[in-house]
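With chain A fixed as given, assemble chain B onto it according to the hints.
Chains as they are written, first to last, in my numbering: chain A, 1 to 194; chain B, 1001 to 1618.
Wrong hints could be hidden among the right ones.
The calculated DSS-like cross-link candidates involving lysine-lysine, where the alpha carbons are at most 27 Å apart (straight line), are [what the hints assert, rightly or not]:
| id | chain 1 | residue 1 | chain 2 | residue 2 |
| --- | --- | --- | --- | --- |
| 1 | B | 1598 | B | 1561 |
| 2 | B | 1598 | B | 1089 |
| 3 | B | 1336 | B | 1089 |
| 4 | A | 162 | B | 1236 |
| 5 | B | 1556 | B | 1054 |
| 6 | A | 84 | A | 162 |
| 7 | B | 1561 | B | 1482 |
| 8 | A | 13 | B | 1236 |
| 9 | A | 162 | B | 1585 |
| 10 | A | 164 | A | 106 |
| 11 | A | 13 | B | 1342 |
| 12 | A | 18 | A | 106 |
| 13 | B | 1336 | B | 1528 |
| 14 | A | 18 | B | 1236 |
| 15 | B | 1557 | B | 1236 |
| 16 | B | 1342 | B | 1611 |
| 17 | A | 84 | A | 13 |
| 18 | A | 87 | A | 76 |
| 19 | A | 18 | B | 1585 |
| 20 | B | 1585 | A | 13 |
| 21 | B | 1561 | B | 1611 |
Sample of chain A residues with no beta-carbon within 10 Å of chain B, all distances over it, derived [what the hints assert, rightly or not]:
| id | residue |
| --- | --- |
| 22 | 16 |
| 23 | 47 |
| 24 | 109 |
| 25 | 110 |
| 26 | 146 |
| 27 | 154 |
FYI, nobody ran anything at the bench for these hints, they're computed from the structure. Model, not experiment: these values are computed from the prediction. Just so it is clear, CB atoms sit at the ideal spot from N, CA and C, and this is done for glycine as well.
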Amino acid sequence: MSTLENTVYSRNKIHPQKFALLVSCASVVMLFAALTSAYVVRQAAGNWLEFPMPVLFLYSTLTLIASSFTLHFSYKGFLAGNVKLYKYLLLLTFVLGILFIYLQYKGWMALVALGVELGTNPSGSFLYVLSGLHAAHILGGLAAVFVAILHAFILPFEVSAKRKLRFEMTQIYWHFVDVLWIYLIVFLWLQQQS
Amino acid sequence: MANVLTAAPHSEEDVLIEQMGYDDHFHEHHDGDKFQSNFITTYIFSQDHKMIAKQFLITGMFWGVIGGLMSLVFRLQLGFPEESMAWLKPVLGKWIEINAETGMGALSPDFYYALVTMHGTILVFFVLTAGLSGTFSNLLIPLQLGARDMASPLLNMMSYWFFFLAGLIMFISLFLNTGPFSGGWTAYPPLSALPQASTGSGAGMTLWLISLVFFVVSVLLGGINYITTVLNLRTKGMNMWRMPLTIWAFFVTAILGLLSFPVLASAFFLVMCDRGLGTSFFLNEIFIGGQALDHVGGSPVLYQHLFWFLGHPEVYIIILPAMGIVSEVLAVHSRKPVFGYKAMVFSILAIGFLSFIVWAHHMFMSGVNPFISNFFVVFTLIIAVPSAVKVFNWIATLFGGNIRFTAASLFGIGFVSMFISGGLTGIFLGNSAIDIQMHDTYFVVAHFHIVMGVAAFFGMFAGVYHWFPKMYGRFMNETLGKLHFWGTMVGAYLIFWPMHYIGMAGVPRRYYRFDTFQSFSQFDDMNKFITIAAIITFGFQMILIINFFYSIWYGKKVTEKNPWGATTLEWTTEVDPGHGNWAGKLPVVHRWAYDYAKDGQEFISQITPLKEGESETH
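Bound-form chain B, shown alone:
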């Protein structure tokens, strides 16, 4: 933190901040310059948004590896059901059942479902919600808005630790004797609401519920902070129309989370009552072992309504931050203003709004009235309009740009490709008539993995490569980054493209093995191919992990404040921004975030005042 006090103004930006900056008297306070922190308050219970962002990112990476490895285990089962899995016995223990006669080891069907459930839960909530929006909202909202920190650093810290606690409980549930919850990440009743329904429905489901309740608390604490910070703590001159698209995306994401996660919490609360207190919200007449249960009159479809009222906004909670990051990364690396800034903002808002009124398109085949389905079909297909606007604008941003093909921008371009591929299949599935054929097949698996799984990961990778210099003061290795990109880009299509075909042929998802069905035997080789592609693609992710941790300590050092030549405020801080982000005054903003290639200049920082006669219009 020493450089905060001693650094003399040496760049044009420093002079500008010194002359024009906004003095918030931050440095006169005891928690300003004289702020002291020890090891624990710096690295563990940190209230600094930059450290919390790193905590979210690294915890998310941890969970990403766990969730990815789980998918490899069940992909092995699907691709090679005839091969012995006995070699996994040392890791998976009793979940590998050894046939005493042949010595063949087979994955226990119960554990197959547990793996699928955990893979979904971990990737959707822990990696792509906390790891993506948690990381970049924390890092960028204060830095790009010119704030000292979040509105409430304490709540921000608690947001991370509730997430940590949620993860810890989920992790413990993996080691239960009865296994973790195995009823799917959507946790539909009765599998979730009856403790005796399956092996994972007992203690596994109890821990799953507790874990996710803590997770909801984490999302709410984070979201309250993000919204308040965006609306209240923008620096002087930073009006809403000057905010970078990243901030718009995080802002709308936080609103979606704030309004949809409480609904999930209410559904969980009712499930808990059904499990423990004998109510019948979701349980109807059920017989177990010939015995009728006491539960009468519940409606499992009601749970689906409550769940998907979160569930659909949730997929936009995942994809919107990626969209914001990609907009920013593409503009910076193609050295052009983002095309149609306002159209981008309005499409983010439109997607956010529409996400609340399309939830029943997940339930076309749940017995909802077909006439009600029509309503949801129409609004679902309308989402294609703002999505297409965004895709068009990304391509128009790239078009004619002076593109620097860095790892970050490659992942940005890859995101656009993935979003188009996955979005187009969404139009198929959004039609309730086509969904009769497609639902619960691998077509659905392929659709959502490409559009919200791979695409969101690409946005996250673009963000990691782009802002790594801001986070750690060093660059990640570009060669390894490009290798990672091409491996992931090709690999992801090799995994999910074939799934469209087997899905259209009617191969159902969630099946433990297909070799008992003669009609699906023609796809045996394709399943093998998908499994091999998945293993190789996962291997390419190890390049990222190695590159990331190697670069933290040994990467090429960042020597200038603004290595990418970007306009936004985070690049006006010191290379390693200390407590309070800006050494002296807060920067004052004079223009929007995308003044690239204007008036013969490559880029003009947001803190540069307008020249005489220059108009800010964009």
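Isolated chain A (complex conformation):
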């Protein structure tokens, strides 16, 4: 169906689909930029409840960073023809992603236990909205990793241009949502210090 799938793009420095992914990442950046700037504006207006951040968010951050590394080395394994490394690190990435969502959920529960519910105060609402929207983006990434796992375990192993492109795009998106979370957690932490 796709007219362009098979067209030669050798004269392009970057594959159009990969470029399109980067462009869509830019729009996700604007989504979160809008929310974090709204956070700053709203915080300056007062009536802002201060609360300590659950330590669980630190653990989830570390989990997510670890998953980026496992995905990276899975890709290295894929390129080097190390099928075992490729397959199992991909699985591990998926598991770490699920663990991240679980830890976020536990973090939200810890906040509720503190008395910070969704509607209590905009300071808490913003945290839920930011981390919730981010979790939705992680779920999208998990879907992509899941497809990559299916490719790894079902399709015969080969390092073709198409497989490479797919893997690279999965990787770009996963690293992107990882960096996005690091931005958010650092932002939230800095805002709570100020």
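Here is chain B on its own, set in the frame of chain A:
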């Protein structure tokens, strides 16, 4: 699609493409020449950019008629508040309230606001965003860049169908028992964030939000595609400085959409949380029926910031494609190179950049700090500079040209007129001091309708008349086109020019009726006049609709590839370009898009190589 295989080279351009063209091996693939499509994949779930462009255009026309008819209903209310509207009862049902004693039918005030809201939402988003940029970006980006199709035809198809879904949901909301959303197209809280705030704030607002979220998805999918295609899929030789101004305009438009629509999505997300999850982002202490609500500490002005961070780029998302189309149409029909090509490109870029840092000029009277307003005043007025550069260049393009007064070029010239008239009043409103007097009056209504409503429509009409031969292989009727032009040109000024005066006299916008205010009674006749002008001007749009659909099947057939004698690549394809746009190789570009009246030739196509000693400088 048969002609793709059999057409023998017969024109100079065919020979050039055959000899110099770039072979991308497209025709050797199973989805190249042997590409098969059935009725559904050709006309409904099409991935062909040309068909998607037509889908956007016709859906936009549908919404244009609906939105226009809505404005006539509320104009009737404003112009003739004393007349009975009972005759609309069969259409509007319970929204026409019949007085049992006198038998007078009156438009329900709730529905008046619903109509105004829907008119704004439909025209801004569905007609002038999707119908204008969606149509022409889709049609022209691949054709003018020498690409087989968009970077991702699948996402392109999804972009249309998300738009369709958004439209469908909005359409359903028109038939709700409580009516569609009625809090204005800007959907300010608390009317948007409290379901119990007004009749339309409940189910109507829920559907409005869902519809617009789908619309944002549509714009993003489209925008990602346009940007990627422009940057990655240009044919050989088509460097950025050889792109037609249409493509520059669509490209910057797509970037604006991509960066501003997510901000709108985030605002909508927070509104949804306020509506459904009990948060207080935008809701402050509010009493309803003497009862205090739970919401505490929200800021409605925060919503306005988020909304206008989209809202202001949005008006350039609407006007930039029109500007690009007009630049191209004026150059082709005045048989002259566009004046100051690079200045045009830089002013598009400057307008695009400035559009992101002027949003608070919509909020001078919202209680923002007057010192912050100064910043926004300065940048708002700076937009006059690139806008003036563009106006000067359009006029200089026309000056001394061998102008062909076709329907397309008339609408192009009309666009310049409208853009000047509407732009000048923008300088008034951009000053926060003058805005104290002018804000929320009919002066604002007149300003934005002329500069981004009528002007954008003129750009769209110019594009429709100019590229109709490319879309359908037939011409539209020129006589009807010129009739349409003069009716619209005169009519639009008759509607909106008087509004400036009543606005300066302080008549506020958004009022349901004025006859209870003694001070405004002097404008009763003017309001009647505006309403009559609106009805007649709307009638002239029917000429376009009839002409458009009649010409699809019965218009004069296009016999030559390049009926306008234009330089750009879309006119080097077959009259009815098939799948993949070019029959053989892709054309290779050797010169910029505006070689008109050069070296004694009327025009030189972009695919013609430079002659020996000829310089490409422009």
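Hint-by-hint comparison with the structure:
| no. | hint | verdict |
| --- | --- | --- |
| 1 | B/1598 x B/1561 | holds, 21 Å |
| 2 | B/1598 x B/1089 | violated, 62 Å |
| 3 | B/1336 x B/1089 | violated, 54 Å |
| 4 | A/162 x B/1236 | holds, 24 Å |
| 5 | B/1556 x B/1054 | holds, 19 Å |
| 6 | A/84 x A/162 | holds, 20 Å |
| 7 | B/1561 x B/1482 | holds, 24 Å |
| 8 | A/13 x B/1236 | holds, 14 Å |
| 9 | A/162 x B/1585 | holds, 25 Å |
| 10 | A/164 x A/106 | violated, 36 Å |
| 11 | A/13 x B/1342 | holds, 26 Å |
| 12 | A/18 x A/106 | violated, 34 Å |
| 13 | B/1336 x B/1528 | violated, 44 Å |
| 14 | A/18 x B/1236 | holds, 21 Å |
| 15 | B/1557 x B/1236 | violated, 32 Å |
| 16 | B/1342 x B/1611 | holds, 23 Å |
| 17 | A/84 x A/13 | violated, 31 Å |
| 18 | A/87 x A/76 | holds, 11 Å |
| 19 | A/18 x B/1585 | holds, 26 Å |
| 20 | B/1585 x A/13 | holds, 22 Å |
| 21 | B/1561 x B/1611 | holds, 23 Å |
| 22 | 16 | violated, 4 Å |
| 23 | 47 | violated, 4 Å |
| 24 | 109 | holds, 17 Å |
| 25 | 110 | holds, 19 Å |
| 26 | 146 | holds, 20 Å |
| 27 | 154 | holds, 23 Å |
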